[in-house]
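Engineer: Two chains, two frames, a set of hints: combine them into the complex.
Top line first, the protein sequences correspond to chains A and B. Each residue of the first sequence is one higher than the last, beginning at 2 in our numbering. Each residue of the second sequence is one higher than the last, beginning at 25 in our numbering.
Just so you know, these hints were derived from the structure itself, not from any lab. For clarity, every value in this text was computed on a predicted model and none was experimentally measured. Keep in mind that a hint or two might mislead.
Examples of chain A residues lying across from chain B (beta carbon under 10 Å, computed) [what the hints assert, rightly or not]:
#: 1; residue: Pro132
#: 2; residue: Gly134
#: 3; residue: Ala149
#: 4; residue: Leu351
#: 5; residue: Val373
Beta carbons: idealized from backbone N, C-alpha and C, even for Gly.
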Amino acid sequence: MSGPFADPFDPKTALRRCSCGRHASQVEHDRALACDPVETGTEATETDVEALSARIVETAVAKAVFGTEARRRAFLSLVGKATAASVLAAFFPLDAAKEAFAQAPRTIEKRDLRIGFIPITCATPIIMAHPMGFYAKHGLNVEVIRTAGWAVIRDRALNREYDAAHMLSPMPLAITLGVGSNPIPWTMPAVENINGQAITLANKHRDRRDPKDWRGFRFAVPFDFSIHNYLLRYYVAEAGLDPDRDIQIRAVPPPEMVANLRADNIDGFLGPDPFNQRAVFDGVGFIHILTRELWDGHPCCAFAVSRAFITENPGTYHALLRAIIEATAYASNPANRREVAAAISAQNYLNQPVTVVEQVLTGTFADGLGRVQRVPNRIDFDPFPWHSMAIWILTQMKRWGQIRGDINYAQIAEQVFLATDAAQAMRELGLSPPERTTRTHVIMGKTFDPADPEGYLASFAIRRS
Amino acid sequence: MRAARPFASLALSFLLLAIFVGVWQLSSLTPRGGEATVDPEYAALVGAAAATGGQTPFPSPLEVGARILEHLADPFYVRGTNDQGIGVQLAYSLGRVLAGYGIAALVAIPLGFVIGMSPLLYGALNPFIQVLRPISPLAWMPLALYTIKDSAVSSIFVIFICSVWPMLINTAFGVASVRREWLNVARTLECSTLRTAFRVILPAAAPTIMTGMRISIGIAWLVIVAAEMLVGGTGIGYFVWNQWNNLSLADIVTAILVIGLVGMVLDQLLAMATRAVSYQE
Numbered sequence: 002m003s004g005p006f007a008d009p010f011d012p013k014t015a016l017r018r019c020s021c022g023r024h025a026s027q028v029e030h031d032r033a034l035a036c037d038p039v040e041t042g043t044e045a046t047e048t049d050v051e052a053l054s055a056r057i058v059e060t061a062v063a064k065a066v067f068g069t070e071a072r073r074r075a076f077l078s079l080v081g082k083a084t085a086a087s088v089l090a091a092f093f094p095l096d097a098a099k100e101a102f103a104q105a106p107r108t109i110e111k112r113d114l115r116i117g118f119i120p121i122t123c124a125t126p127i128i129m130a131h132p133m134g135f136y137a138k139h140g141l142n143v144e145v146i147r148t149a150g151w152a153v154i155r156d157r158a159l160n161r162e163y164d165a166a167h168m169l170s171p172m173p174l175a176i177t178l179g180v181g182s183n184p185i186p187w188t189m190p191a192v193e194n195i196n197g198q199a200i201t202l203a204n205k206h207r208d209r210r211d212p213k214d215w216r217g218f219r220f221a222v223p224f225d226f227s228i229h230n231y232l233l234r235y236y237v238a239e240a241g242l243d244p245d246r247d248i249q250i251r252a253v254p255p256p257e258m259v260a261n262l263r264a265d266n267i268d269g270f271l272g273p274d275p276f277n278q279r280a281v282f283d284g285v286g287f288i289h290i291l292t293r294e295l296w297d298g299h300p301c302c303a304f305a306v307s308r309a310f311i312t313e314n315p316g317t318y319h320a321l322l323r324a325i326i327e328a329t330a331y332a333s334n335p336a337n338r339r340e341v342a343a344a345i346s347a348q349n350y351l352n353q354p355v356t357v358v359e360q361v362l363t364g365t366f367a368d369g370l371g372r373v374q375r376v377p378n379r380i381d382f383d384p385f386p387w388h389s390m391a392i393w394i395l396t397q398m399k400r401w402g403q404i405r406g407d408i409n410y411a412q413i414a415e416q417v418f419l420a421t422d423a424a425q426a427m428r429e430l431g432l433s434p435p436e437r438t439t440r441t442h443v444i445m446g447k448t449f450d451p452a453d454p455e456g457y458l459a460s461f462a463i464r465r466s
Numbered sequence: 025m026r027a028a029r030p031f032a033s034l035a036l037s038f039l040l041l042a043i044f045v046g047v048w049q050l051s052s053l054t055p056r057g058g059e060a061t062v063d064p065e066y067a068a069l070v071g072a073a074a075a076t077g078g079q080t081p082f083p084s085p086l087e088v089g090a091r092i093l094e095h096l097a098d099p100f101y102v103r104g105t106n107d108q109g110i111g112v113q114l115a116y117s118l119g120r121v122l123a124g125y126g127i128a129a130l131v132a133i134p135l136g137f138v139i140g141m142s143p144l145l146y147g148a149l150n151p152f153i154q155v156l157r158p159i160s161p162l163a164w165m166p167l168a169l170y171t172i173k174d175s176a177v178s179s180i181f182v183i184f185i186c187s188v189w190p191m192l193i194n195t196a197f198g199v200a201s202v203r204r205e206w207l208n209v210a211r212t213l214e215c216s217t218l219r220t221a222f223r224v225i226l227p228a229a230a231p232t233i234m235t236g237m238r239i240s241i242g243i244a245w246l247v248i249v250a251a252e253m254l255v256g257g258t259g260i261g262y263f264v265w266n267q268w269n270n271l272s273l274a275d276i277v278t279a280i281l282v283i284g285l286v287g288m289v290l291d292q293l294l295a296m297a298t299r300a301v302s303y304q305e
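Next up, chain B with everything else stripped away, as it sits in the complex (with noise of 0.2 Å):
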């Protein structure tokens, strides 16, 4: 990839931009229904799309901007269980995910390490991986919720059992895949087993593992909205069901333009850990 013009690229993409919300604001612009035919006690009853015989439409970009504004002009309120501000929503979801991710991540790497370098234990575990891995962690829901009995530690565990494969899978890959020279030298110099481990095969499998770290992180947050969603009370992901539960699309819009904010902030995050510790050849 080429790294000129930034600034072409940027004005392409907000062309883009104003081409997408200026289509969507056109769309919403179209005419509604037809005259007003029912009797105006009828009409006070329904909504305004319903009196002319039409359906509720799909919001348009300024009303979502304004509800927009209206969520970020104050995120932080609660006004009782069930009402609280996007801000509160989203540290909850945050919390889980980075409660269940670092469970993943003290898991995932140690056993990815000892996997990585025993080819016993890669045979042996291998299977029980292949089979675990491509569960949606979300069919693990009925069973956490029967077995942990608690919806907040169920949604924690989902995201424990997301997160978990990626990085142990790359664990042991790189881990595994050290160049046999480097260890060869390390036994030359009489290091010791954990000397090696720490000095030579974990810097080297460190730009692996933080792929998979990276990788988890992004399921993580992709499920966690679905976990939410499923099992309710907070966070971001019950904020969506909240306002789907009221049909109201403009919050929806919201909190998906919010949730992909954040999702990139952490990818962001990880992306730099691990062009810290990579090193070229």
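Bound conformation, chain A alone (with noise of 0.2 Å):
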């Protein structure tokens, strides 16, 4: 119950205070926490148009299904509105029908963009796109600048010197929710890669594998909202150590990180590749463990635009998604991989040498322990976002207190990780998306459910909320 009406005697209502506290009221945090878009004049008719197709859809369905106006109606007045549809929609893939009979929009707003990108293998379709034709195929002059650090990367994107940006997947959501930053409504409409990370350590913990044995060591991962800090602090976590007590962790740069190892400032890091892989070539550390082995299929970095640029350039915003995910797709296919890192480890680009762009993209590695490993799936690509995953990242923010109090998971997910949008331009590109945007994940052996996520951050011993 939440609201001007909420019960003053539940213990969890707040009087004139909004569950997180942040707010001055339980609706004025809803309402944050909604994130809904910036409303302006051409997007109230964009979405008369949407529902008006919708509704022609509908009907469509509608009178196939029931022949004649008058078996219609007395169904209708039999069983009420909503039930019906609800009927309709249990027989019919109405949402499909919906979503094939609405188009993107053709024209090009705006074709010279600029978008920034963080120097890893992650980055990889953002950065192919480029020297591989991807952006021009599709319509559009794209430059892609390299940017220092993630807190750069996202200021430039929030002050619009890009149009779109590599980041990191849970920066959209913390973004939208306003954590460490003002709120403002961003969207992921692309996963860029899953997998491709790893724990990495100083040659000298060789006989120190079990995490049970890193009390007291230092640890750096690239962000504070990254996957690799949640997967870090989970990974520790299931070997009973407390992350904020047991071990520290320190925000660095990718590019320190290796830098770091060799000072002997850190322990190991949960860092991108190339890094890993450098410090391997670099005689500093070896891989303890690759991140797939801890949730094989984990999303890491994401393509993310602000709500606002795809309201004012929906054109530029399709064929720009477009050319992310026909890059997405050729950078997943394993004969084009060598290719790939040849055209990205160029000085323009990530400035590192080909054999280690190479061994993180065909997975046969040196693993810095005198072995050399094959791991096809070491990285790869798959561009479709998962709303489980976004809900998956939300309670692993709530766990640590990144976030406090109570947020509506699926809404957030929904409204932040575009899956139609990814799913309309996979179809439009001859590729086949899921059906659904939610699914079960598996980390480290334990099933996520995104139908119940507190439940699920209930189960954990270890956390801060």
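Structural biologist: Written out as structure tokens, the structure reads:
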């Protein structure tokens, strides 16, 4: 119960404050977390058009099912409108039909775009689309700009210096919720890469492979709002260590991780490639575990745009999304990986030795312990932004106290992770997107059910909330 | 300081340099690791040092020299947004420094003049200046990015904020400590305030003002490298960050040398200007 008529005797409702304590009332809290898009004139008409086209589809389906108008009216008056719609939806994939009917706009409002990226292999689709011509193919003239760190990329994106940006997948959620910045509706229409991260330890820890022995270790992760942070915390917490008390976790830009490891400033890092492989290449550390062994298929980096950009440039947005998804599909094919590695290693992009990038992308790599490992899906590329992934990230943000109070997991996931747009673009490119937008995930042997995030959260012994 | 024997000191400088480079070269020649113990497939995937169980060593002076020559051979190439020559990067940095420094001079010198001439204003503004002056310019960066919403302008702002204080304080001090007798003489000759300011105070305070400007340019050049490492995009600081990203120490040493040389040139230019306006009492 929330809003102005909240029960004053309900212990969960704080009078005149919201559940997280940052808003004046529960209504305001709900509104802030609902992250509605900015209202503009053009958008209103667009919504009308969407609603209209949805209604047309519904009518067509209803006509086809009931045959005559008289039978439709009889059925409706018998069971009521809402029931009829839901019964119909059960037999006929109305949503899919509506989506298929809605066509992406084809005019490109803005041709010259600036996209920021961090020089890591996670950004592969965003980067390779430039030298390999995917942007140009979709009618866009894109400049990809290497950026120094995650905070800088966030600020430049918020300042609209970039039209779109490479972000860590928790960042659009954090920006939308206003955690660590002003709340601005941000979206993530595509995941860049899945897997592709690793825990790298300094060479002196060769014999301390059990995380139970890691008390007092100093670790680096790329950013507070990163899947790296959450996975490292999850991993050590499963071993019984409290990540806030028993170890130290610092946010360090990826390029500085190897330098810090070499200088003995940190004991290890859970970081993006190529820096895990670079540590091995330079004889500084070894790869302890790949993150695919913690959660096979976990999302990592994201292609992110502001909701305002989508509203103002719907045609550009769809063309850009198609270019990114096509590049992602190309990168996911193992046969293309060497070609991609050669294209993105250049000084204009990653600025790394080709051998290092190739080992990351092909999955045939030296592990720093004298062995050559062959893990073809060490990194993979899958653009579909599962809502369940967003819900998992939100549970971890709440678990470690980055967000407080009640949140509507499913609603936030839906508004930030634009699965419908991704699915549409995938279909247009002849790819087959999944039918649903949520699924269960298995993280270190434990199943996560997106339908019950609070129950999942409560099942952990080590947590901040 | 005695100006005698310039040849001897020059020779000594070269000797010191030779000793330094020699020691560096010798230390980078020390045997690396042991014998290669890993299989050839593994060795092909890692760096030469890692294959023998060691770490990639610091580059030798010969490697660094080769990189310097490579950079100097083609300093002005542009092969894409993120791949530009060291000369282009230097030009970006110098442009930012001159913009920020120029604005700072335009603000600090007139303001310092006013503060120096008016004990009331001096007393009123002094607390603010004293609080703002010791703040590291980079601490302004997040605030600048947040309010200005443009990273290029933000780095110019940071240069402005770091170079404004020495100029302001030195100008105010120089103006305030013009000898009483000279001002009295001007008054006796019934000079207007403006005429006094330009014909008496300005020449008298000029050496102090120039010293402030010289301190400022040094600080501005120090700060631009750090600011560009933070914000990225273009500039010599970004060049350093980018090569660090690639763990390429030879390139970083190159950039360090270039930064030092440019800083020295800037400082010498202002030293010459200071000598031009200095006078003997």
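Engineer: Please verify that hint: A/Ala149, Cβ, nearest Cβ of chain B, below 10 Å or not.
Structural biologist: holds (3 Å)
Engineer: Taking the least C-beta to C-beta distance, is A/Pro132 closer than 10 Å to chain B?
Structural biologist: Holds, about 9 Å.
Engineer: Tell me if A/Leu351 is really an interface residue toward chain B, meaning its C-beta lies closer than 10 Å to one of theirs.
Structural biologist: holds (9 Å)
Engineer: Against chain B, with CB atoms and a cut of 10 Å, does the hint on A/Val373 hold up?
Structural biologist: holds (5 Å)
Engineer: Using 10 Å as the Cβ threshold, decide whether A/Gly134 counts as touching chain B.
Structural biologist: violated (14 Å)
Of the numbered hints listed earlier, the single one contradicted by the structure is hint 2.
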